[in-house]
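*Asks:* Chain by chain, the residues run as shown.
2 protein chains.
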Amino acid sequence: MNYSELVFAIEARESVLCVGLDTDLDKLPRGFSKGSQSMLDFNKAIVDATAPYAVAYKPNLAFYEALGLEGWKVLEQTLLYIKTRYPGHFTIADAKRGDIGNTASMYAKGLLENMGFDSLTVAPYMGEDSVKPFLLPDKWAIVLALTSNGGSADFQMQPLANQAPLYQKVLERVQEWGSPEQLMFVVGATHSDELAHVRSVAPNHFFLIPGVGAQGGSVSGVLKTAAWRNKPGMGVLVNASRSILYASSGTDFAQKAALEAKKMQSDMALFMETSRPLLIP
Amino acid sequence: MNYSELVFAIEARESVLCVGLDTDLDKLPRGFSKGSQSMLDFNKAIVDATAPYAVAYKPNLAFYEALGLEGWKVLEQTLLYIKTRYPGHFTIADAKRGDIGNTASMYAKGLLENMGFDSLTVAPYMGEDSVKPFLLPDKWAIVLALTSNGGSADFQMQPLANQAPLYQKVLERVQEWGSPEQLMFVVGATHSDELAHVRSVAPNHFFLIPGVGAQGGSVSGVLKTAAWRNKPGMGVLVNASRSILYASSGTDFAQKAALEAKKMQSDMALFMETSRPLLIP
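Those sequence lines, one after another, are chains A and B. Using our numbering, the first residue of the first sequence is number 1, and each one after it goes up by one. Using our numbering, the first residue of the second sequence is number 1, and each one after it goes up by one.
Hints were generated in silico from the structure; no laboratory data involved. Take every hint as true, because none was put in to throw you off.
It does not matter which identical chain is meant; a pair holds if it fits inside one copy or across any two.
Below, a list of computed lysine-lysine pairs in the BS3-like style, where the Cα atoms sit at most 25 Å apart: (1) K34 / K109; (2) K27 / K132; (3) K34 / K73; (4) K27 / K109; (5) K73 / K109; (6) K83 / K256.
Bound-form chain A, shown alone:
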């Protein structure tokens, strides 16, 4: 999916919601057995329930890899289901890959070309040749800048010799490698004090923003500080995983997931509508 298609999907649905498919067999609602088929059935139910309110889906590869071959199958089938039924939704392989050039090309081949994800998350530590192989036509690299977890303080927030934090250097340097039509950044909603600064450093790129919901950030707070300055509510994908997937542990899990997704989408739509510049007729 390319840039214009993504912008169109967001405008059409008045949503920047990304549903993170961090599907954990140990947390499935009552009635599901512990097998990999349950994982697929659950994913399909969650996707069907949230598709009207979401613009993107982000399977977290760790949860599939943990089941070995069977998990890998569920990942492929989940992606196929989304791409077949909901071709207007953006797909993200949350893989956090990062390796030397020839290896990065192999990851690009596997996840973007063969499996067909629109994008994948990438760790920047290994630099330019570890990111560039992902910049393929109509595909995206989503580079970690400032992540939502506690460990982000260990290195990402360390000041460099010029006093700017490492994450700022990452934002600046990575922007030299590709356009806003190929590159996004991961910025955690938990860093409410830094979001506006991050946006000023990378004014034109999409941000994938985890850390809303179970991790604590608010939708309107995030949109106010992190969305594009000239287009209210645009330029971000706000991810929620656990708060939607496990909204209920009962048989009403899909309805509750839909309600949670709808609530987030309503907040997004309200923000977009009320923040539009007034048109004087």
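For chain A, the structure is supplied; the task is to place chain B on it using the hints.
*Replies:* Same frame as chain A, now just chain B:
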């Protein structure tokens, strides 16, 4: 495999050679078809040919993921082959994973517990909670410090506010999270000017050292500067991938791989023997 077993294996074989299984279907020798079975057959032949000279094997997960389900099967079967036939060899999942705590736990479950790798490579960008879940009994996290590629200049070598480069901060901080019996570091042989400094910052940890062979570093140069100060030739795993796997594109590929591995092991043994402190009877 634990610390004493690894030290024992190195002493017994007078080798610190790690063979990187970056197996690329497009580079297989003449006579191999392009299917995943070829990849497994090739891996087995390489392992059999190099086992007398190597102490570790390191499949690069990207090359297996690129083939989807079939590739994942080859990875599992390759690991099973090594663990069954050569249980005294150390195994490394070259995965460069790095994600928030609950996700890192899933990667640990999949690669270390279920598949049974002794260790995996980990990217440090996301900090403490992304590394600690890998510190399991008799398992190892091998954290990227200073990698062998050109992109290592982009962030790893950036000076922080105290003028020390980022990779030094990574070495210092990560050492606080676990012991030399749980943690290793990746340090590229291509950084010949920095190897001695890196060793002084982390005197007691094992280093996994890529960048010898196809990427240019020399075995004796690496051992001189990067091995433990008090035990010549110990405390490193020197990786070679392409120079061994693709030593010949003909039907003699296994013999040529064995020769190349043997040459490296001989250099290692010579270094260990000639650098031993003299014992005065």
